[in-house]
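Those protein sequence lines, which keep their order, are chains A and B.
Note that our numbering gives residue 141 to position 123 of the first sequence, counting from 1, and the numbers run on in steps of one.
Note that our numbering gives residue 232 to position 214 of the second sequence, counting from 1, and the numbers run on in steps of one.
Just so you know, these hints were derived from the structure itself, not from any lab.
It is possible that part of the hints are untrue.
Note: identical chains are not told apart, hence a pair may lie in one copy or across any two.
Subject to a maximum C-alpha distance of 27 Å in a straight line, what follows is the list of computed DSSO-like cross-link-like pairs (lysine-lysine) [unchecked claim]:
1. K316 <-> K201
2. K305 <-> K201
3. K316 <-> K47
4. K128 <-> K47
5. K315 <-> K142
6. K356 <-> K198
7. K122 <-> K275
8. K315 <-> K38
9. K198 <-> K315
10. K305 <-> K38
11. K305 <-> K315
12. K128 <-> K153
13. K305 <-> K316
14. K305 <-> K275
15. K316 <-> K38
16. K154 <-> K101
17. K157 <-> K122
18. K275 <-> K201
19. K154 <-> K38
20. K47 <-> K275
21. K157 <-> K356
2 protein chains.
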Amino acid sequence: MELRTVEWKNDSVVMIDQTKLPNELVFVKYTDFNDVATAIRTLVVRGAPAIGVSGAFGMALAVLQSSSETLEGLLSDLKNAKKILFETRPTAVNLSWGLETIMKVAKQGKTVSEIRNTVIAKAKQMAEEDINTNKKIGKNGAELFQDDDTIMTHCNAGALATVGYGTALGVIRATKESGKNIKVIATETRPVQQGSRLTAFELKHDNIDVSLIPDTAVGYTMANGLVNGVVVGADRILQTGHVFNKIGTYQVATMAKQHNIPFYVAAPLSTFDLESRPEDVIIEQRKPSEVTGIGDKKTAPDGIDVINPAFDMTPPGLISGIITENGIAKPPYEDSIKKLFKAN
Amino acid sequence: MELRTVEWKNDSVVMIDQTKLPNELVFVKYTDFNDVATAIRTLVVRGAPAIGVSGAFGMALAVLQSSSETLEGLLSDLKNAKKILFETRPTAVNLSWGLETIMKVAKQGKTVSEIRNTVIAKAKQMAEEDINTNKKIGKNGAELFQDDDTIMTHCNAGALATVGYGTALGVIRATKESGKNIKVIATETRPVQQGSRLTAFELKHDNIDVSLIPDTAVGYTMANGLVNGVVVGADRILQTGHVFNKIGTYQVATMAKQHNIPFYVAAPLSTFDLESRPEDVIIEQRKPSEVTGIGDKKTAPDGIDVINPAFDMTPPGLISGIITENGIAKPPYEDSIKKLFKAN
Numbered sequence: 019m020e021l022r023t024v025e026w027k028n029d030s031v032v033m034i035d036q037t038k039l040p041n042e043l044v045f046v047k048y049t050d051f052n053d054v055a056t057a058i059r060t061l062v063v064r065g066a067p068a069i070g071v072s073g074a075f076g077m078a079l080a081v082l083q084s085s086s087e088t089l090e091g092l093l094s095d096l097k098n099a100k101k102i103l104f105e106t107r108p109t110a111v112n113l114s115w116g117l118e119t120i121m122k123v124a125k126q127g128k129t130v131s132e133i134r135n136t137v138i139a140k141a142k143q144m145a146e147e148d149i150n151t152n153k154k155i156g157k158n159g160a161e162l163f164q165d166d167d168t169i170m171t172h173c174n175a176g177a178l179a180t181v182g183y184g185t186a187l188g189v190i191r192a193t194k195e196s197g198k199n200i201k202v203i204a205t206e207t208r209p210v211q212q213g214s215r216l217t218a219f220e221l222k223h224d225n226i227d228v229s230l231i232p233d234t235a236v237g238y239t240m241a242n243g244l245v246n247g248v249v250v251g252a253d254r255i256l257q258t259g260h261v262f263n264k265i266g267t268y269q270v271a272t273m274a275k276q277h278n279i280p281f282y283v284a285a286p287l288s289t290f291d292l293e294s295r296p297e298d299v300i301i302e303q304r305k306p307s308e309v310t311g312i313g314d315k316k317t318a319p320d321g322i323d324v325i326n327p328a329f330d331m332t333p334p335g336l337i338s339g340i341i342t343e344n345g346i347a348k349p350p351y352e353d354s355i356k357k358l359f360k361a362n
Numbered sequence: 019m020e021l022r023t024v025e026w027k028n029d030s031v032v033m034i035d036q037t038k039l040p041n042e043l044v045f046v047k048y049t050d051f052n053d054v055a056t057a058i059r060t061l062v063v064r065g066a067p068a069i070g071v072s073g074a075f076g077m078a079l080a081v082l083q084s085s086s087e088t089l090e091g092l093l094s095d096l097k098n099a100k101k102i103l104f105e106t107r108p109t110a111v112n113l114s115w116g117l118e119t120i121m122k123v124a125k126q127g128k129t130v131s132e133i134r135n136t137v138i139a140k141a142k143q144m145a146e147e148d149i150n151t152n153k154k155i156g157k158n159g160a161e162l163f164q165d166d167d168t169i170m171t172h173c174n175a176g177a178l179a180t181v182g183y184g185t186a187l188g189v190i191r192a193t194k195e196s197g198k199n200i201k202v203i204a205t206e207t208r209p210v211q212q213g214s215r216l217t218a219f220e221l222k223h224d225n226i227d228v229s230l231i232p233d234t235a236v237g238y239t240m241a242n243g244l245v246n247g248v249v250v251g252a253d254r255i256l257q258t259g260h261v262f263n264k265i266g267t268y269q270v271a272t273m274a275k276q277h278n279i280p281f282y283v284a285a286p287l288s289t290f291d292l293e294s295r296p297e298d299v300i301i302e303q304r305k306p307s308e309v310t311g312i313g314d315k316k317t318a319p320d321g322i323d324v325i326n327p328a329f330d331m332t333p334p335g336l337i338s339g340i341i342t343e344n345g346i347a348k349p350p351y352e353d354s355i356k357k358l359f360k361a362n
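So here's chain A without its partners, still in its complex pose:
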């Protein structure tokens, strides 16, 4: 069974409850948009593309819930739902995008029943587009790896961060589907452990051979010839080829370079920010408690100072290629990234 993080089924939204992972694979079903809002807020669903589509599905529930028989009444109900859904993760760009896209479609409707139909159709289409994009990324990336390769990945750029299939893990899935025998090494990815909790879980679920390492063992595994290539996702990619991604990506890329192991980034074109320069990007600091313990288990002294950046920056000189739905950009990136967008 293919993992679908979020899905529209019989006028309801079905999600994997990611708070139960990696211990249990539990699906939850919502028919009230307020419950979708709670799910986003409590991290039942996470990952930028996944929450964007979840917001859209929340709006689709709202049109079904509305008892209004006038255009104005329905749009007013939708506006209310949008506000409640938006406030769950107000800084998430994809959530805002998902809600706005639906709102635009709704405003074009001529009748109440037309709006009901077009909003639901649009939300379902957004989910399908996410998966289609990931499958294209996967297909483009699959050619980069050989039979019997072991591929390292960091964090979770997988089915569980998207609607399904994933970006970096989409490349891994597509490589396997192309008939190549591959193994994966997943880093734990402290402090939030998306590698052990999510990547290890979803690859094991798909019967892909995966081994977990602590983040400290990246150098050891590469020095001992256990890694043939690396593929990771991205949170933001600049015109210059600088990649912002989960903290730790930069040192994985540096170790790969040191051992002549190709290092690839897999991400949709929507991840590119063609305006900003590297020095413009502000890296947020996350809360110290992520580093000073795990769950209820305290692992550091009280009141200790913590540096806990969410992301780091990998410079283009460490990146062998950037895999997108429109093809693979290779160095020099200023040129190759421009070409990808022209092909769009």
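Chain A is already provided as a structure; the job is to place chain B on it using the hints.
Using the frame of chain A, we list chain B on its own:
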């Protein structure tokens, strides 16, 4: 108050209970060598130099506990104590060394009361020697750092791994004692978290400014100019200058090189293995449960494969100097390490 990991006080052994760290600083007192054996087995005390001296102190308790009035009887009681103490951590080289050293002293005794006196005196002397060596290492290393430097360290090569003062953290203590204002960045050091549990604790205890980072943030802090130098301990150092130390050391050293940050190793001459070649050293794999969870908290799916090496190897090209009690070896190490031993 200076941290003493293990100490002889009024015919008893006093230890810091490291299983209670970082939450509580609790001292335990033993008058029965069997309790010292249990303490070593249950990790109340850990760190190679610390358990070597703990074993010697256990033997000192055994001579006090023995009611035998004959040489043969006392030596037989000591032999029994040695066996029980040895079996607690049978692969620990320092434990075996500590027990053997005491046994040799005991065998030279002419009377029961002479043995009682010389064994206790020798054990106390071994503890003092450990601290003296660390203070010499510290003094030699302190000249390498400047006022207002921030020094990164990995794992715990501190007071809590030795009898007191520490090796890498001894260098940090001595730098501060020399009047320089310094800050420390401690890596968490997954999977066993000696950085957050022990290094952060003992530096905070000594009022040294310390910040904790996840192991994934080494590259970020260096790239952002937050680190002026690195100092770590060592488990084994070869004639060629190859250093075996806690997993993750190799990538810290690589990142330091990438940012032109000096990377130092601090260790006593007893850490050197002048016989082995790099390929002779076998790196043990530790149990998967260290990586799949923390305490009772499970953070990875059941049955996941794990690669969990205890150590990695840092090649001499990444090391700016090796700080010992006899001075600092600098590249080329084949020559400079030989000279340190000639000075002995």
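Determine which of the earlier numbered hints do not hold for this structure and return their numbers in increasing order.
-> Numbers 4, 5, 6, 7, 9, 12, 14, 16, 17, 19 and 20 - these are the hints that the structure violates, sorted from lowest upward.
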